[in-house]
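Using the sequences and the hints given, assemble the complete structure.
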Amino acid sequence: MEVIDIKELNLRRAGRLALANGEPIISDDEAVRYIDERGFVLLVPSPDMPLPSLSAADPRPAWEGYTITDAAWQWKEVLPGRKQCAYGKFIRNRGVFISWRLFPAFYAIFGPVDGMEGEYAARSMSPQERMVLDIIQAEGPIDTRALWRETRPFFGGNRKALVQALTTLQDRFIITVAGGELDGWSLHSWDLVTRQTPEGLLDKLPSADEATRLILLQLLENAVCCTTALAASVLRLNRGAARAILEKYATAGLITQVRISGETGLFWSLAQEWAD
Numbered sequence: 002m003e004v005i006d007i008k009e010l011n012l013r014r015a016g017r018l019a020l021a022n023g024e025p026i027i028s029d030d031e032a033v034r035y036i037d038e039r040g041f042v043l044l045v046p047s048p049d050m051p052l053p054s055l056s057a058a059d060p061r062p063a064w065e066g067y068t069i070t071d072a073a074w075q076w077k078e079v080l081p082g083r084k085q086c087a088y089g090k091f092i093r094n095r096g097v098f099i100s101w102r103l104f105p106a107f108y109a110i111f112g113p114v115d116g117m118e119g120e121y122a123a124r125s126m127s128p129q130e131r132m133v134l135d136i137i138q139a140e141g142p143i144d145t146r147a148l149w150r151e152t153r154p155f156f157g158g159n160r161k162a163l164v165q166a167l168t169t170l171q172d173r174f175i176i177t178v179a180g181g182e183l184d185g186w187s188l189h190s191w192d193l194v195t196r197q198t199p200e201g202l203l204d205k206l207p208s209a210d211e212a213t214r215l216i217l218l219q220l221l222e223n224a225v226c227c228t229t230a231l232a233a234s235v236l237r238l239n240r241g242a243a244r245a246i247l248e249k250y251a252t253a254g255l256i257t258q259v260r261i262s263g264e265t266g267l268f269w270s271l272a273q274e275w276a277d
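If you use my numbering, the sequence shown corresponds to residues 2 to 277, in order.
One thing to keep in mind: the hints can contain errors.
Cut-off 30 angstroms, straight-line C-alpha distance, at most; resulting in silico cross-link-like pairs (DSBU-like, lysine-lysine) [as the list claims (entries may be wrong)]:
#, residue 1, residue 2
1, K205, K161
2, K84, K249
3, K161, K249
4, K205, K249
Taking CB as the label site, the calculated pair distances span [to be verified]:
#, residue 1, residue 2, range
5, D144, A272, 44 to 52 angstroms
6, R240, S125, 18 to 26 angstroms
7, N22, A242, 35 to 43 angstroms
8, A139, R13, 25 to 33 angstroms
9, V164, E3, 24 to 32 angstroms
Keep in mind that the hints were calculated from the coordinates and are not lab data. Cβ atoms here follow ideal geometry from the backbone N, Cα and C, with glycine treated the same way.
Below you can see the structure in the form of structure tokens.
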């Protein structure tokens with residue numbers, strides 16, 4: 002089993018914070034290209050998720066005391082507003098950009114079951130979540146301020162309850178950010194995923210197995226190395242199920258296990274990552 006020097010690992014991860022040709026991400030078009038190349042990226046770096054983020058890929062300094070740059074703050078509204086990618090809290094309640102290339106794979110696994118009515122029947126949806134969804138379906142794109150005005154009496158003035166409903170509907174790939182305002186603290190607009198995605202994109206989805214393969218291999222490409230726990234978290238599986246999938250791909254020669262100097266436990270990586 003190969004032992005990877007932690008300095009080499011960090012060097013390769015740093016290389017993921019640029020376009021494939023090595024150029025930095027500065028313009029809106031470069032940000033879109035970066036998301037397309039990476040498949041999915043975080044908005045800001047996360048200590049427990051060693052994945053690329055647009056903020057880290059932006060070579061300009063982050064706000065003092067924060068990990069986000071001016072450009073990344075704008076990209077989370079501008080890019081989905083132009084329908085150039087998806088953005089929302091899609092993975093572990095983190096803001097994530099997903100390319101249209103990879104979005105059907107996420108939707109195939111985590112999206113609504115048999116359409117909206119099937120979703121109502123197959124999974125529990127609180128009255129609050131359904132009310133918020135009904136308003137977005139009827140009036141979207143609708144910004145959070147307008148949505149709060151309509152729902153405030155129902156929520157008894159508890160704005161956190163609205164935020165939780167929006168988070169759950171994003172997590173199920175039912176709604177997504179559809180742009181927003183940039184003055185002061187930004188303000189999202191919301192719409193249905195099915196209205197925000199390019200026409201025909203969700204007509205023919207990959208199978209669950211193929212979708213899992215696409216997401217997992219992109220995860221390993223982005224992270225360079227990852228633990229079973231991280232793979233399980235992104236795929237929303239228990240560790241046993243995630244390990245079984247990882248071992249299947251290892252047997253097929255697609256991925257391999259490695260050790261990292263100074264780290265305990267085993268990590269997974271793409272088989273060709275460390276090939277001579």
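Outcome of the hint check:
1. K205 x K161: Between K205 and K161 the Cα gap is close to 36 angstroms, so the pair fails against 30 angstroms, i.e. violated.
2. K84 x K249: Status violated; Cα separation ~36 angstroms.
3. K161 x K249: violated, 42 angstroms
4. K205 x K249: Holds, because 26 angstroms separates the two Cα atoms, which is no more than 30 angstroms.
5. D144 x A272: 44 to 52 angstroms: Given range 44 to 52 angstroms: holds, Cβ gap about 46 angstroms.
6. R240 x S125: 18 to 26 angstroms: holds, 25 angstroms
7. N22 x A242: 35 to 43 angstroms: holds, 37 angstroms
8. A139 x R13: 25 to 33 angstroms: violated, 48 angstroms
9. V164 x E3: 24 to 32 angstroms: violated, 44 angstroms
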